[in-house]
Amino acid sequence: MNAEANYINTVGNSLYSLIEKLFPIHRSTTGEGVRNTLRCISDEMDVDLKIVEVPTGTKVFDWVVPKEWNIKDAYVKNSQGKKVIDYADSNLHVVNSSAPINAKMSLDELKKNLHTMPDKPLWIPYRYSHYNENWGFCVNYEHYESLVDGEYEVFIDSSFKEGSLTYGECLIEGDTKEEIIISAHICHPSLANDNLSGISIAAHLINFLKKQKNKYSYRIILVPSTIGAITWLAQNEDRLSNINCGLVLSCLGDAGHSTYKKSRRDTALIDRAMEHVLMHSDTGYEVRPFAPYGYDERQFNSPGINLPVGLFMRTPHDCYPQYHTSGDDLSLVKPEALADSYSKIVEALFIVENNGLYISQNQKGEAHLGRRGLYRQLSGQADQRLDELPVLWVMNYSDGQHDLMDIAEKSGIEFRRICKAVEALLAVGLLKSTVE
Amino acid sequence: MNAEANYINTVGNSLYSLIEKLFPIHRSTTGEGVRNTLRCISDEMDVDLKIVEVPTGTKVFDWVVPKEWNIKDAYVKNSQGKKVIDYADSNLHVVNSSAPINAKMSLDELKKNLHTMPDKPLWIPYRYSHYNENWGFCVNYEHYESLVDGEYEVFIDSSFKEGSLTYGECLIEGDTKEEIIISAHICHPSLANDNLSGISIAAHLINFLKKQKNKYSYRIILVPSTIGAITWLAQNEDRLSNINCGLVLSCLGDAGHSTYKKSRRDTALIDRAMEHVLMHSDTGYEVRPFAPYGYDERQFNSPGINLPVGLFMRTPHDCYPQYHTSGDDLSLVKPEALADSYSKIVEALFIVENNGLYISQNQKGEAHLGRRGLYRQLSGQADQRLDELPVLWVMNYSDGQHDLMDIAEKSGIEFRRICKAVEALLAVGLLKSTVE
Amino acid sequence: MNAEANYINTVGNSLYSLIEKLFPIHRSTTGEGVRNTLRCISDEMDVDLKIVEVPTGTKVFDWVVPKEWNIKDAYVKNSQGKKVIDYADSNLHVVNSSAPINAKMSLDELKKNLHTMPDKPLWIPYRYSHYNENWGFCVNYEHYESLVDGEYEVFIDSSFKEGSLTYGECLIEGDTKEEIIISAHICHPSLANDNLSGISIAAHLINFLKKQKNKYSYRIILVPSTIGAITWLAQNEDRLSNINCGLVLSCLGDAGHSTYKKSRRDTALIDRAMEHVLMHSDTGYEVRPFAPYGYDERQFNSPGINLPVGLFMRTPHDCYPQYHTSGDDLSLVKPEALADSYSKIVEALFIVENNGLYISQNQKGEAHLGRRGLYRQLSGQADQRLDELPVLWVMNYSDGQHDLMDIAEKSGIEFRRICKAVEALLAVGLLKSTVE
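Residue numbers (our numbering), protein chains in the order written: chain L, 1 to 436; chain U, 1 to 436; chain A, 1 to 436.
One thing to keep in mind: the hints can contain errors.
Identical copies go unnamed one by one, so any copy, or any two together, can satisfy a pair.
What the hints assert, rightly or not - Here are the simulated DSBU-like pairs of lysine-lysine, each with C-alpha atoms no more than 30 Å apart in a straight line:
no. : residue 1 : residue 2
1   : K344      : K410
2   : K420      : K432
3   : K104      : K77
4   : K177      : K432
5   : K161      : K83
6   : K83       : K104
7   : K364      : K215
8   : K364      : K50
9   : K364      : K161
10  : K59       : K364
11  : K432      : K59
12  : K364      : K67
13  : K177      : K364
14  : K83       : K72
15  : K120      : K420
16  : K104      : K211
No wet-lab data here; the hints were simulated from the structure.
Input sequences plus hints: build the corresponding full structure.
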């Protein structure tokens, strides 16, 4: 096994391992599940994740932080007293944010509050109702069909109380105060791809970023979706102007190819960097334009916020059948897919970090590269140690109008090869950076 | 038969019926045929069509209104005194705007003034010579070949006299003085598709538009082609600045798919509206760029006029074999094709009428749509009564930069669905118009 | 044989004939070979080619003019005294700019300085090492393999001396001092396509251009590649602002289709003119964007020079196997391919010469073309003598915003047809030039 494959293997296993640990926790928009998830990440990854509590009733833009929801137990017993639906078996069985209930009822009455998917008869659907006090259970269709007439005891020991909305945040300071944000939603219960994959990758990026010297500061935010992102934005409104760009991470572990959904700005550096990385990967990929439907990029890209934040995923949520069902379990996420997603983010961040405007110190005619050891001595055969083409591109287009990303796009040459040419040219004084 | 099919049926039959009534009239650039046509439309459609007479000799831009041409009779008799070509059989037999003649001549002499189409041997060609006093007859090629040697008597009882050029005009006043013009040419003799189809649709649009409240004023103009459009423009030059956009209608009844030729401005609202309607129809279509060759859009799009006026047709004139022949008869136009053309124009006008710039009243983060009844209460299944996607698009892009047409194009969502979302958002105060 | 075929034949034979005469001369970056080539062109074509000598050591931008290299003889003898490699057989046998040597050595030692191409075993490679004093021989692979062990006598009678770099230049003065430059490299030894084809076409263009009245001045420059172009630019820096555009000519005689590589400006008139000519030719072609790798267009398009100079060739150098081998001999270039390349350049120069901005004198509505004899008198059949479509395009788009190249591109009509319409319209006063 070569070095690269070995690295992929190690990273993939580590990413998968964190997902395994977080999988059993029952998360919701608010409550202990989110707190336990954040604590588990801090412990497992040895990172300093600030846990922020925002009280119920806090006004956040057009929204209000809801009451905190917690649940202890839930079941449905048949007339023989046997639990036919049991929260202990799967936290998906209860509608997320379900109101408490303790009642007896007929099968017909019960069925009005049972959710099932006849077209996917072996999977329990994931259903939530965060802003309305309803109750309900979710079961797979075969299970649903097997229920017989009779009186049922319905019990949900949940509570809505004054409490708080919880999110996690971690800042890795760089050379400048300008920030890149990485966001993942942490409100889904035992679903592996959506979004323990995103959470695990975000947590690993913390460790990666804090070990290297960065130009930008990085802020990783782990928030419940929609209301969590809105809360974070409302509470940080005065520092949004510091944000250079960002990524929302979700569904990054399935075997499908990578999908990048561009920011509303469409041609921001992060959009171009992600597309560049995907285009130069040897796997299939899709780049989609922004649309105001999806994950928390909706909030970052709302018109009054309008940050260049894209969404990185693999198979989009509406394109894989296990989405929001019990089929989205540990078997759906693959270590190698996780590692691949992670590597592509690292590559895109490398571009954002290293892009810059350089000025050729020899604008008239070509520089005599040969006498500086940057061009072959004898015609005919390429010198394996010299990568001449990116050198020529960088020299010709470092005219004060084109930065390295422009040059990589124009030339079709991978950004890292462009960077190596830049290093060689800086070393011989043929190139200068516009910033010192 | 459902309501929509029933409507199409009714409209189609009405459109066809007017064509049938106008078909026998012998029209030319000037003369009684045009007047009779305009009178017939006024009577049949119960509309108030102003008939304008512009005297012979009037200077109109680079042109001069010609003498008025009329014709009473025309025939060619053989040596036995039998009419072998008779104007009474078809007004296409005489070259339109032919000079009078009463002479005897050999077959060879006659043939110099006979027009025929060897490649379409069963059809009489339609030929005209409006600005030169020649005479001639048109016959189908089989007919032409059957003529035997001998002396022929040639008789055309036509006249060029001081008179006028005639056109019809109808103004339907709207909320503003800004006008949308609909133009169709009325100078062709008994040809059904070119252009009784356009005339009939224009006449029906008068009735449709006067029955509803319109933002724009509508001016329907029925003019002889080229010189008629030039005359209208020359006489109305001081009000051209009131014109918002327009459509020229021609050849709208054949079974082919719709074709829209864009205005010289290429991206005027009418161009985008027509393309939007065609793209969202379930039929094939073609959109062509502007070219200075075709119908009266040439005049509206001349550089010194440059109005955003497109051409709507079905099969372009150079693409159907019956064009300008006796094959363009009542059998070529279909009620359902006429109704389809008509409906598409109505849809495009709906867009022009309803496009506008709105401002979201919640620019930061998404609005809490759920508490306003605009978003599903429970995850997982779409609520059939709620069309959430256009709501999200309208909210995100109503940023002061994008009007509804922009949003429809960006989202790929049909304009009417966008409009329904706008209504719902206006009702709950989440959106405001930029005009009051 | 018709007139056009006859012309092509004559031109093709003349182009080929000059190549034949120049083929045996041993050229290098500097030295007698270049001088003899320029003298031969002057004599054969009866043109006044100024021969410029730039002394060794002259600083030209980032480069220094090297010592002049000349060679009298070179061979390798085996132990029997038999010449097994002989410069007299092919000037490709010696590495171009090889240092002198007179030594005895083993086969193993010799082989370190022998260049060969195992994948093209019958061709001698062309190798050069202009800026390093190495020695070497080139042989075909079969030849190389046939050498037997033993002692070899290696002899190269070459010299590097203070001298000069030589180039040729010819100015054909036009109505204005604005210049169009045509450049071809003259440093390659006995290779026919690369670049005697470009040299021969450049020489023939001198004769063509001096026989006609031109708006622009034309400067033909025949320079050693890279250092020669850089030298020319450095020495003419103060007049570069006079240059309107230009073409670099290379590899124009092989049987492949035409390839045009655009200037760095991408949409300069020369770029559009070349693409127009290629698009309207009935042969295949390729248009490539600028890239800073190729021939002397690299120098003209360096960022501090940035002249709109494109590269015209047939099969690009990296796409034909004979490139830089003895396979690039007289059999590779075809008279008809040379004539085709030449004709396309002439066409593109015709466009550059004749493009201009005209103003229609009838901006409102169409002009009455019929009364000026520019439109058919009778509908239905096109008048073969009238080419109405370009007339309509020129009239509609001569609005002060569109020049003839714009109109040709918009209409898809060949530039020469547009020009004929312009002539006809100027004649009747419907069009005026914006320059007098």
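Up to 30 Å between alpha-carbons, please classify K83 paired with K104: within, between, both or neither. within (13 Å within a copy, 100 Å between copies)
Within a copy, between copies, both or neither: where do K364 and K161 come within 30 Å Cα-Cα? between (72 Å within a copy, 28 Å between copies)
How would you classify K364 and K50 at a CA-CA limit of 30 Å: within, between, both, or neither? between (54 Å within a copy, 25 Å between copies)
What label fits K83 with K72 when the C-alpha limit is 30 Å: within, between, both, or neither? Within one copy, since 16 Å is at most 30 Å while 99 Å is not.
Can you tell me if K120 and K420 fall within 30 Å by alpha carbon in one copy, between copies, both or neither? neither (51 Å within a copy, 33 Å between copies)
Tell me, please, which holds for K364 and K67 at an alpha-carbon limit of 30 Å: within, between, both or neither? between (68 Å within a copy, 22 Å between copies)
My question is about K161 and K83: at a cut-off of 30 Å on alpha-carbon distance, are they close within one copy, between copies, both, or neither? within (28 Å within a copy, 102 Å between copies)
At most 30 Å between CA atoms: does that hold for K104 and K77 within a copy, between copies, both, or neither? within (9 Å within a copy, 103 Å between copies)
Within a copy, between copies, both or neither: where do K177 and K432 come within 30 Å Cα-Cα? within (24 Å within a copy, 38 Å between copies)
For the identical chains here, do K104 and K211 meet the 30 Å Cα criterion within one copy, between copies, both, or neither? Neither: 58 Å inside a chain and 61 Å across chains, both beyond 30 Å.
Cα distance capped at 30 Å. Does K344 pair with K410 within a copy, between copies, both, or neither? both (21 Å within a copy, 28 Å between copies)
Between the shortest in-copy and the shortest cross-copy C-alpha distance, which are at most 30 Å for K59 and K364: within, between, both, or neither? between (61 Å within a copy, 13 Å between copies)
Of the numbered hints given earlier, the model fails hints 15 and 16; all others are met.
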